[in-house]
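Okay, here's what each chain looks like letter by letter:
2 protein chains.
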Amino acid sequence: MEKEVTIYDIAKILNLSPATVSRALNDHPAINSKTKLSIANTAAELGYRSNTFASNLRRKSTSTLGVIVPRLDSSFMSAVLAGMEEVANKAGYNLLISQSLESQGKEKSNAKTMYNSRVDGLLVSLAYDTEGFDHFENFVKKRVPVLFFDRIFDHSECATIVIDNEKAGYDVTSHLIMQGCTHILHVTGNLKRNVYIDRLSGYRKALEAHGIAFDEAWVLETDLSREAGKAAVDYMEKLPVRPDAIFVANDICAISCIQELKQRGYRIPEDIAIAGFNNDPVSQVVEPSLTTVYYPGKEMGAIAVKTMINHLTGTSDIDPANSVVLQSELLIRDSSRKLQREARN
Amino acid sequence: MEKEVTIYDIAKILNLSPATVSRALNDHPAINSKTKLSIANTAAELGYRSNTFASNLRRKSTSTLGVIVPRLDSSFMSAVLAGMEEVANKAGYNLLISQSLESQGKEKSNAKTMYNSRVDGLLVSLAYDTEGFDHFENFVKKRVPVLFFDRIFDHSECATIVIDNEKAGYDVTSHLIMQGCTHILHVTGNLKRNVYIDRLSGYRKALEAHGIAFDEAWVLETDLSREAGKAAVDYMEKLPVRPDAIFVANDICAISCIQELKQRGYRIPEDIAIAGFNNDPVSQVVEPSLTTVYYPGKEMGAIAVKTMINHLTGTSDIDPANSVVLQSELLIRDSSRKLQREARN
Chain X
1 MEKEVTIYDI
11 AKILNLSPAT
21 VSRALNDHPA
31 INSKTKLSIA
41 NTAAELGYRS
51 NTFASNLRRK
61 STSTLGVIVP
71 RLDSSFMSAV
81 LAGMEEVANK
91 AGYNLLISQS
101 LESQGKEKSN
111 AKTMYNSRVD
121 GLLVSLAYDT
131 EGFDHFENFV
141 KKRVPVLFFD
151 RIFDHSECAT
161 IVIDNEKAGY
171 DVTSHLIMQG
181 CTHILHVTGN
191 LKRNVYIDRL
201 SGYRKALEAH
211 GIAFDEAWVL
221 ETDLSREAGK
231 AAVDYMEKLP
241 VRPDAIFVAN
251 DICAISCIQE
261 LKQRGYRIPE
271 DIAIAGFNND
281 PVSQVVEPSL
291 TTVYYPGKEM
301 GAIAVKTMIN
311 HLTGTSDIDP
321 ANSVVLQSEL
331 LIRDSSRKLQ
341 REARN
Chain S
1 MEKEVTIYDI
11 AKILNLSPAT
21 VSRALNDHPA
31 INSKTKLSIA
41 NTAAELGYRS
51 NTFASNLRRK
61 STSTLGVIVP
71 RLDSSFMSAV
81 LAGMEEVANK
91 AGYNLLISQS
101 LESQGKEKSN
111 AKTMYNSRVD
121 GLLVSLAYDT
131 EGFDHFENFV
141 KKRVPVLFFD
151 RIFDHSECAT
161 IVIDNEKAGY
171 DVTSHLIMQG
181 CTHILHVTGN
191 LKRNVYIDRL
201 SGYRKALEAH
211 GIAFDEAWVL
221 ETDLSREAGK
231 AAVDYMEKLP
241 VRPDAIFVAN
251 DICAISCIQE
261 LKQRGYRIPE
271 DIAIAGFNND
281 PVSQVVEPSL
291 TTVYYPGKEM
301 GAIAVKTMIN
311 HLTGTSDIDP
321 ANSVVLQSEL
331 LIRDSSRKLQ
341 REARN
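Each protein sequence line maps, in turn, to chains X and S. For what it's worth, the UniProt record's numbering labels the leading residue of the first sequence as 1, then goes sequentially. For what it's worth, the UniProt record's numbering labels the leading residue of the second sequence as 1, then goes sequentially.
Keep in mind that the hints are not guaranteed to be accurate.
Same chains, same label: a pair holds when it works inside one copy or across any pair of copies.
[Stated by the list, open to error] Straight-line alpha carbon distances no greater than 35 Å define the calculated DSBU-like cross-link-like pairs of lysine-lysine that follow:
1) K60 to K36
2) K106 to K142
3) K90 to K36
4) K60 to K12
5) K112 to K142
6) K192 to K238
7) K306 to K34
8) K106 to K192
9) K90 to K230
10) K34 to K298
11) K60 to K238
12) K34 to K90
13) K36 to K306
14) K34 to K205
15) K34 to K141
16) K34 to K106
17) K192 to K167
18) K142 to K262
19) K108 to K36
20) K142 to K192
21) K141 to K230
22) K306 to K112
I should point out that these hints are in silico values taken from the structure, not numbers from a laboratory.
Assemble the whole structure, with the sequences as input and the hints as a guide.
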């Protein structure tokens with residue numbers, strides 16, 4: 001185990017007195033800004049944690065796990081957190097949760113807060129635009145385990161929990177093709193993230209498997225918000241050929257598409273079939289009900305915390321060898337049932 | 001300002017060595033359970049915080065606010081947290097969030113975690129079954145400000161932010177009466193909480209104002225879940241007189257009522273008018289669209305954090321003098337429009 005970094009270490013490196021370092025870290029007015037900056041930089045490099053007591057106490061468990069998620073306002077994330085809470089509660093752990101609001105900057109600041117709160121382990125689903133792993137390095141250095149779920153980084157010291165997004169994207173697209181659709185618009189999220197690039201890859205492979213040419217113009221990258229649903233319908237109407245199906249990478253945006261299409265006089269699924277992703281409860285409320293992918297959020301959360309606690313209690317390691325791929329399930333509903341509906345009529 | 005409690009204080013009171021106290025608090029096997037228990041009790045009484053450094057450092061700001069909410073899986077709470085994040089981010093604060101899952105026991109354990117994470121302030125919306133203030137006393141003692149929002153306690157040292165639930169309940173009920181309804185079932189949540197008891201009080205006052213007798217059998221206390229919506233329809237069918245309206249204290253449960261009623265062949269609003277509460281986005285997706293109360297969640301979150309930060313920066317106090325009552329708004333939609341609909345036909 002690495003030794004805890006103290007103000008004495010920082011003082012030694014910079015050839016300053018420990019008192020100066022302590023004052024600088026407490027933003028004392030007697031220390032000039034240049035010195036403060038160099039001390040802050042050195043402290044960050046060494047992984048210094050403010051308010052430390054002593055290294056033996058530092059290692060003490062807080063029975064707290066940190067969770068950083070992109071947004072809290074999704075039923076998928078609520079399900080993940082419910083699964084996490086269930087396992088954590090039984091094992092006597094508390095969760096501290098923060099949201100990055102899809103911003104790398106805020107994710108970094110959340111990571112710092114979690115670090116200073118001395119969480120025993122950190123569970124992360126990445127923001128849209130996160131590019132580097134730097135802000136998690138301190139945890140790895142201090143042997144505070146980090147686990148990624150859903151939106152992940154590949155890292156040699158971190159486990160991951162995902163669903164097979166490529167297979168799910170393949171299944172949705174194949175289903176639409178089997179219903180007779182040949183012009184399928186794919187509305188997706190930020191392609192930096194595994195979940196969206198993998199779904200796109202599945203969409204592409206399904207087209208190829210059925211002899212349909214892939215065309216980049218038929219992939220629309222959005223933020224998958226309600227507003228993006230309306231924009232997608234605008235985009236669709238400008239395509240040279242009218243799509244006969246839209247596969248949207250989440251339900252909220254798919255439902256907004258349905259509402260917008262209905263308002264513009266399209267019949268669903270007769271004119272355009274729609275499929276979403278996540279099995280958000282609202283996908284059963286919308287009319288017609290939305291074809292979607294059931295994505296085992298609760299299970300994902302439960303397995304993530306189980307993996308973490310097994311690691312903390314020495315039962316298993318948290319490296320990629322313990323990564324898990326969960327199965328998802330295509331739920332066929334009225335929004336894409338072209339064949340059965342015609343047969344019934 | 002009170003002095004920070006140390007293991008030396010605990011040792012002195014119990015006439016033990018500081019090493020014994022330290023070991024007991026770290027759950028060392030060499031200390032017997034009886035001693036551990038008495039040390040833990042004394043530590044709790046004194047408001048001891050684990051891993052403390054020194055009282056001057058203790059007072060240092062962590063730029064972190066703790067938020068304890070009943071559940072994260074509601075769009076109202078998502079809106080509150082969005083408002084909180086916006087103000088907190090601008091002021092350089094991070095939020096640490098935890099959910100009580102409507103349980104007092106978990107709320108207590110969350111409060112402990114927040115205390116040990118050294119949050120600068122705590123914002124709380126209470127669980128269904130919370131009865132005492134004990135688990136927040138340590139914060140008040142240490143001058144860590146506590147603010148309640150939505151589901152509140154009245155406490156001389158805490159500010160509160162609420163909407164006028166009684167007026168909102170009155171407005172919904174009056175609207176239903178104006179649509180010609182005289183037998184209005186009220187489906188509500190745990191009546192220990194201000195939000196539900198106040199809405200009930202508004203319902204009751206509106207009935208009285210229109211000369212309709214109040215009957216306890218027409219108030220159904222539930223957990224306001226989807227399942228409760230189905231149970232409410234079962235309950236309704238057993239009443240001696242069939243209701244011509246149902247006023248449900250949240251939208252999720254109201255929508256489940258609508259779906260169940262439609263399945264059983266009732267026409268909405270012709271046979272039964274329905275009103276919900278919260279303006280959850282799904283209230284616009286359900287058919288017919290749901291009459292509900294817009295409840296300014298984002299504003300509530302923003303004001304809560306503003307009040308907290310003003311207190312932390314010395315601009316204002318956090319006592320009840322700074323409590324805020326926000327206005328809500330009745331949104332009339334198709335699920336209760338009996339008159340207009342009949343006029344149109």
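Notebook entry, point to check: Which numbered hints turn out to be false for this structure?
Noted result: 10, 11, 14, 18 and 21
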